[in-house]
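Going by the working numbering, the first residue of the sequence shown is number 1, and it counts up by one from there.
Calculated directly from the structure, the hints in this document are not laboratory data. Among the hints, erroneous ones may be present.
To be verified - Taking CB as the label site, the calculated pair distances span:
1. Ile-15 - Ser-268: 28 to 34 Å
2. Lys-241 - Ala-356: 16 to 22 Å
3. Glu-245 - Glu-165: 48 to 54 Å
4. Arg-218 - Asp-409: 54 to 60 Å
Stated by the list, open to error - Straight line, CA to CA, 16 Å or less: simulated EDC-like cross-link-like pairs of lysine to aspartate or glutamate:
5. Lys-406 - Glu-220
6. Lys-396 - Asp-409
7. Lys-407 - Glu-245
8. Lys-407 - Glu-248
9. Lys-406 - Glu-245
10. Lys-241 - Glu-220
11. Lys-396 - Glu-111
Ideal Cβ positions, reconstructed from N, Cα and C, are used throughout, including at glycine.
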Amino acid sequence: MISDSISYWQRTAPIIPLSTDLPRSVDVAVIGGGLMGTTTSYWLARRGIAVALLEQEAIGWGATGRNGGFVVAGPAGGYLDAITRLGHETAYAVMTDTLTNQRLLRQVLEEEAIECDYREPGNIRLALTETQEQQLREEVTAFRADGFLADFLDRETLQTLIKTELSAEIRGGRLKPAQGLIHSARFVRGLAQAALRRGARGYQARIQSLVPDGDHLRIETTRGTLHAATVVVAVNAWVGKLLPELAEFVVPQREQMLAYAPLPPVFSHGISADIMAGEYFQQTLDGTILIGGCNTIAPGEDIGVWETTPLPVVQTAIEAILPRLFPALAPLQVVQRWAGLLDCTTDSHPIVDAVATRPHVLVVCGLSGHGMPFGLRFGQLVSDAVVNGTLPAALKPYQLDRPSIKKWDNTPSLRKD
């Protein structure tokens with residue numbers, strides 16, 4: 001059993017080599033080699049912009065390469081919950097943006113011949129209690145009222161989709177059809193290769209500071225100094241370390257996962273369940289079962305934690321999920337454990353904006369564990385902002401001046417205001 005610094009995704013995807021010989025200047029520097037930085041670099045390169053992608057470790061090293069591999073349209077959490085948190089207009093905009101992202105994903109995977117096990121079997125959220133069933137039925141009604149596809153499956157219908165006996169507590173589930181599953185690291189690394197083919201340049205360097213320098217920005221790194229006309233910061237949980245003015249809006253939260261040894265096909269869909277805090281699992285094409293969640297059982301819910309070592313109490317809780325939900329499932333053998341850091345906002349909603357205190361700096365952060373559904377669409381919109389010198393109207397729901405976002409307080413557990 002492996003418990004180390006890499007995930008199943010990272011272990012099964014080739015590394016993309018990066019140069020350490022930085023240029024003196026570039027039109028646009030994109031800081032961060034995860035999903036958002038890579039998609040932004042890709043779209044800029046497609047438009048003929050001289051772009052340098054800067055990553056301190058490896059492409060897909062952070063949250064992108066450590067997630068559940070779900071590409072599910074919609075906001076983080078349930079649709080009705082998002083309407084309450086963000087307002088109906090924003091929740092609807094998120095649905096349309098993430099559906100646009102799915103179309104872009106299909107397009108780019110075909111055009112760039114990226115092999116990343118992408119498929120669209122649909123996503124199921126299990127109902128384990130009468131209250132959860134009622135909430136999911138109401139969510140289906142809300143989706144349909146807004147023109148989006150969703151169904152509630154009764155227990156008998158759900159059983160036909162899952163190839164092992166359901167536990168008695170599973171009452172049914174909400175199905176969002178045609179939602180995606182993906183090999184996260186193969187995707188982001190394949191996209192990085194496509195960006196490099198189109199003229200982007202990739203460099204490995206740790207960013208030390210970002211300093212205004214006339215009409216440009218001076219980027220001090222461990223590999224030297226780089227000047228750029230525009231900088232896009234896409235560094236996930238570390239955004240507050242590079243841009244301190246955002247530290248009160250985005251905090252880290254440790255998210256943990258594990259992998260079970262391959263089994264014959266049991267789960268074709270991506271599946272989630274509210275056992276503790278929205279746990280989730282999928283079975284990859286090689287039969288490996290990946291599962292994560294349970295961070296609410298950790299001290300302080302693992303909010304404000306910078307450590308990426310798996311925590312035994314959380315791992316034990318994760319191991320209890322599948323035997324509880326599927327008692328006849330074949331014996332499970334843990335083969336790998338890992339953790340990553342999420343970049344969380346108080347309203348669980350992304351920030352994509354210009355940084356008011358830093359001219360020529362754009363930021364993409366605060367994905368709150370729900371970045372995969374936005375990746376290509378956000379990268380496209382940020383590239384539009386760079387080229388046109390102004391934020392597209394489509395980014396208005398994600399700007400920092402929205403009323404739903406609050407600052408995290410300064411208590412040890414970093415509770416919400």
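Please list, smallest to largest, the hint numbers that this structure does not respect. 4, 5, 6 and 11
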